[in-house]
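Following the hints, position chain B against chain A.
From first to last, the protein sequence lines stand for chains A and B.
With the working numbering, you'll find the first sequence wraps up at 398, consecutive numbering, no jumps.
With the working numbering, you'll find the second sequence wraps up at 398, consecutive numbering, no jumps.
Please note that a few of the clues may not be correct.
[As the list claims (entries may be wrong)] Covered, in the sense of this in silico footprint (three residues per stretch, anywhere, with C-beta under 8 Å from a C-beta of chain A), are these stretches of chain B: (1) 41-53; (2) 85-96; (3) 113-121; (4) 126-137; (5) 169-179.
By construction, these hints were calculated from the structure, which means they are not laboratory data.
The structure presented is a predicted model; accordingly, all values stated were derived computationally and were not measured.
Cβ coordinates follow ideal geometry from the N, Cα and C atoms, glycine included.
2 protein chains.
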Amino acid sequence: MPDNSRLVREKLDQAAAILDELGIDAWLTFVRETALSPDPSLDLILGLDMVWQSAFIVTRDNQRIAIVGKHDMENVEAVGGYTTIIPYVEGIRESLLSVLLQIDPQTLALNYSESDVAADGLAHGLMLLLQRYLIDTDLAERFVSAEPVIAALRGRKSHLEVERIQAAIETTLAIFYQVGEFARPGMSEVEVASFVHDLCQEQRLDTAWEADYCPTVSAGPSSPIGHAGPMVQYVIKPGALVHMDFGVRQDDYCADLQRVWYVRRDEDDAPPHAVRQGFEVVRGALQAGLEALVPGAQGWQVDAAARTAIVEAGYPEYQHAFGHHVGRAAHDGSTVLGPRWERYGDTPMGVIEAGNVFAIELGVEVEGYGYVGQEENVLVTPEGGRWLSDPQTEVWVI
Amino acid sequence: MPDNSRLVREKLDQAAAILDELGIDAWLTFVRETALSPDPSLDLILGLDMVWQSAFIVTRDNQRIAIVGKHDMENVEAVGGYTTIIPYVEGIRESLLSVLLQIDPQTLALNYSESDVAADGLAHGLMLLLQRYLIDTDLAERFVSAEPVIAALRGRKSHLEVERIQAAIETTLAIFYQVGEFARPGMSEVEVASFVHDLCQEQRLDTAWEADYCPTVSAGPSSPIGHAGPMVQYVIKPGALVHMDFGVRQDDYCADLQRVWYVRRDEDDAPPHAVRQGFEVVRGALQAGLEALVPGAQGWQVDAAARTAIVEAGYPEYQHAFGHHVGRAAHDGSTVLGPRWERYGDTPMGVIEAGNVFAIELGVEVEGYGYVGQEENVLVTPEGGRWLSDPQTEVWVI
Numbered sequence: 001m002p003d004n005s006r007l008v009r010e011k012l013d014q015a016a017a018i019l020d021e022l023g024i025d026a027w028l029t030f031v032r033e034t035a036l037s038p039d040p041s042l043d044l045i046l047g048l049d050m051v052w053q054s055a056f057i058v059t060r061d062n063q064r065i066a067i068v069g070k071h072d073m074e075n076v077e078a079v080g081g082y083t084t085i086i087p088y089v090e091g092i093r094e095s096l097l098s099v100l101l102q103i104d105p106q107t108l109a110l111n112y113s114e115s116d117v118a119a120d121g122l123a124h125g126l127m128l129l130l131q132r133y134l135i136d137t138d139l140a141e142r143f144v145s146a147e148p149v150i151a152a153l154r155g156r157k158s159h160l161e162v163e164r165i166q167a168a169i170e171t172t173l174a175i176f177y178q179v180g181e182f183a184r185p186g187m188s189e190v191e192v193a194s195f196v197h198d199l200c201q202e203q204r205l206d207t208a209w210e211a212d213y214c215p216t217v218s219a220g221p222s223s224p225i226g227h228a229g230p231m232v233q234y235v236i237k238p239g240a241l242v243h244m245d246f247g248v249r250q251d252d253y254c255a256d257l258q259r260v261w262y263v264r265r266d267e268d269d270a271p272p273h274a275v276r277q278g279f280e281v282v283r284g285a286l287q288a289g290l291e292a293l294v295p296g297a298q299g300w301q302v303d304a305a306a307r308t309a310i311v312e313a314g315y316p317e318y319q320h321a322f323g324h325h326v327g328r329a330a331h332d333g334s335t336v337l338g339p340r341w342e343r344y345g346d347t348p349m350g351v352i353e354a355g356n357v358f359a360i361e362l363g364v365e366v367e368g369y370g371y372v373g374q375e376e377n378v379l380v381t382p383e384g385g386r387w388l389s390d391p392q393t394e395v396w397v398i
Numbered sequence: 001m002p003d004n005s006r007l008v009r010e011k012l013d014q015a016a017a018i019l020d021e022l023g024i025d026a027w028l029t030f031v032r033e034t035a036l037s038p039d040p041s042l043d044l045i046l047g048l049d050m051v052w053q054s055a056f057i058v059t060r061d062n063q064r065i066a067i068v069g070k071h072d073m074e075n076v077e078a079v080g081g082y083t084t085i086i087p088y089v090e091g092i093r094e095s096l097l098s099v100l101l102q103i104d105p106q107t108l109a110l111n112y113s114e115s116d117v118a119a120d121g122l123a124h125g126l127m128l129l130l131q132r133y134l135i136d137t138d139l140a141e142r143f144v145s146a147e148p149v150i151a152a153l154r155g156r157k158s159h160l161e162v163e164r165i166q167a168a169i170e171t172t173l174a175i176f177y178q179v180g181e182f183a184r185p186g187m188s189e190v191e192v193a194s195f196v197h198d199l200c201q202e203q204r205l206d207t208a209w210e211a212d213y214c215p216t217v218s219a220g221p222s223s224p225i226g227h228a229g230p231m232v233q234y235v236i237k238p239g240a241l242v243h244m245d246f247g248v249r250q251d252d253y254c255a256d257l258q259r260v261w262y263v264r265r266d267e268d269d270a271p272p273h274a275v276r277q278g279f280e281v282v283r284g285a286l287q288a289g290l291e292a293l294v295p296g297a298q299g300w301q302v303d304a305a306a307r308t309a310i311v312e313a314g315y316p317e318y319q320h321a322f323g324h325h326v327g328r329a330a331h332d333g334s335t336v337l338g339p340r341w342e343r344y345g346d347t348p349m350g351v352i353e354a355g356n357v358f359a360i361e362l363g364v365e366v367e368g369y370g371y372v373g374q375e376e377n378v379l380v381t382p383e384g385g386r387w388l389s390d391p392q393t394e395v396w397v398i
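For reference, chain A alone in the conformation it holds in the complex:
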């Protein structure tokens, strides 16, 4: 486990500044049994699991108050960053009420959001319980969604966070290179995935998302694309493509990349024209999206730049978003670089900020060969997007 104290303290400093910037008086993260019911924000501002009901309050004037079960007190102290830690034994209500009444915030941000799953860490039953705790006050009328607080806090990666993502990317790319050496005609998708899992195991790394689908491996034109797991019945064959979507989680931070290989037949000097053409279109659309990825742009505008490039090249639109934040999770919530479709809610309306890190991705089917997809990870700087992953520039050959 990495030591997260420095990171938590960086994030708590950021949080107070963001509250001030947004004009929100206080932010309450209210949790219980987080091993079973995690709140994604707690990773940023504590980095520990809590068992009993626990409250973490940051105020605009930079108070950081934790109210936790007696047994958890030492652990919270060890993290550092909280100015006041209040332990309880029988119930949290009294201490919570007294702290909130003393702060007396005019706006109290809570972790719920219709659109942003990373900002939706407060369970509905726990919300009802909180309302019951506060029933003799008017505090519940001052609740606001913490969505903008969390979007900024999670999205603006600190220096240490970018370093960790970069390290996860390097590790992930090294595994992609090893897969290229390992993969041979006759191997099934499942064999490739097992090889990747063994490499992770040796390095004691988790996969960036559920291991059953991380990596996804697609061999040839019949293998389904999307969130399907690797299957034994799809086998690497000469004259077809192998595509892999994969990332590691290393020191709590993720990479999320896609690469594509062509499996050479004896008669091939190079991948077939249709494959190379598909790849160039994908690469061009990725580049078009990257150029639109500037601070101040809205997520849907970035998606539209890439989507237009694909459609203008005569290929069908991809049926997903062009990009998503990457960080503690492979899908790190907040602004999505996606079309304004119902299922994306308000997330494509979010505004790109310097310090954001995105995974950008798209692909096309090449008939008879398989799926050409590419995914890269990008840091937004004040001057625009900068590759964090060394981008794939041609179809790799097995």
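Structure of chain B alone, referenced to chain A:
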């Protein structure tokens, strides 16, 4: 990854029967991005992560309907158990609305609960979104908490689930025995924990809860008890106790056990009288609790039996609950065998059922030596509690 298809089908069968027993027409589990925002119920009825908004509906008359993103459809089909799977691309609302209107349930159970974290998987923002989707109907007025459905479904372990818990217990006990061989005076708590983590790593097992606190290791009388992590400054010493709280998660099911060792001085024939006496009191109280753990009893009554035994023996009350469900999580939600304190909400009022598996635990401080704590795992049968773990019957000696 174990193949969970059989388990999911067992649980779906159970779910329909429980709805009928409780007189609830339909149960809706509504999720999104479950890697970041998991709903504990989804593990039981699907066993996969979903990315897009997804709805899983079980009805009293045994329909099982999944509405999922197009990319997830194949994976849901592969699990089996759903009678209808409806894919979507742009948004779930239309399909969800049409399915619910067609079922037309008079009561629609949703995953929220003030007391039971395992039944509180629906995030507040997602609840608001659902209410918005259904705004032109009166369906939101028919919402009820799925707490009793989930408590029964999660709590009544199937045969396959008990087998898996039993296997996790055996593995955990084997690790305890190895710790007893390994631990020597001069080693720190952290060294013991690292040894345990290495054993888990070799067997590719996760710890039952966060690895930083699994195991907890307490060496000697000064080491803090509770959820504190192992610390380098506390070292195994002759004439003091070593206590460990630990469990593995194996094939998705957990064990949660505590054992205690006494570190022999040259002059010791046996652990000191005070240590042996403390252990006998703990063991007696555990036995008193076990005897009260019968179908039909309420959680607080079981706790009271153990608590009374400790107090009557002249030791201070433990400041936690006597027991909790164990299963997919070490703290598996639902009924708690605990006192009627505020922080336990209604959970001590729950009724014990045959098929439940509990971890039962308590301990006392023995002045000058350290913490004597014992935790065992128990299956409730129609005739009463039965040890699943081979219980510790005397203080082990290092």
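Coverage assertion for the segment 169-179 of chain B with respect to chain A, Cβ distance below 8 Å, three residues required: violated (count 0)
Between the segment 126-137 of chain B and chain A, are there enough contacts, at least three residues with CB-CB distance under 8 Å, for the coverage claim to hold? holds (count 5)
Mind taking a look at whether chain A covers the segment 85-96 of chain B? Criterion is 3 or more residues with CB to CB distance under 8 Å. Our answer is that it holds, as 6 residues pass the Cβ test (under 8 Å) against chain A, meeting three.
Annotated coverage of the segment 41-53 of chain B by chain A, confirmed only when three residues or more have a Cβ within 8 Å: Satisfied; 5 residues make the cut.
Given coverage of the segment 113-121 of chain B by chain A, tested with a Cβ cutoff of 8 Å and a minimum of 3 residues: holds (count 9)
The structure does not agree with numbered hint 5 stated previously, though it agrees with all others.
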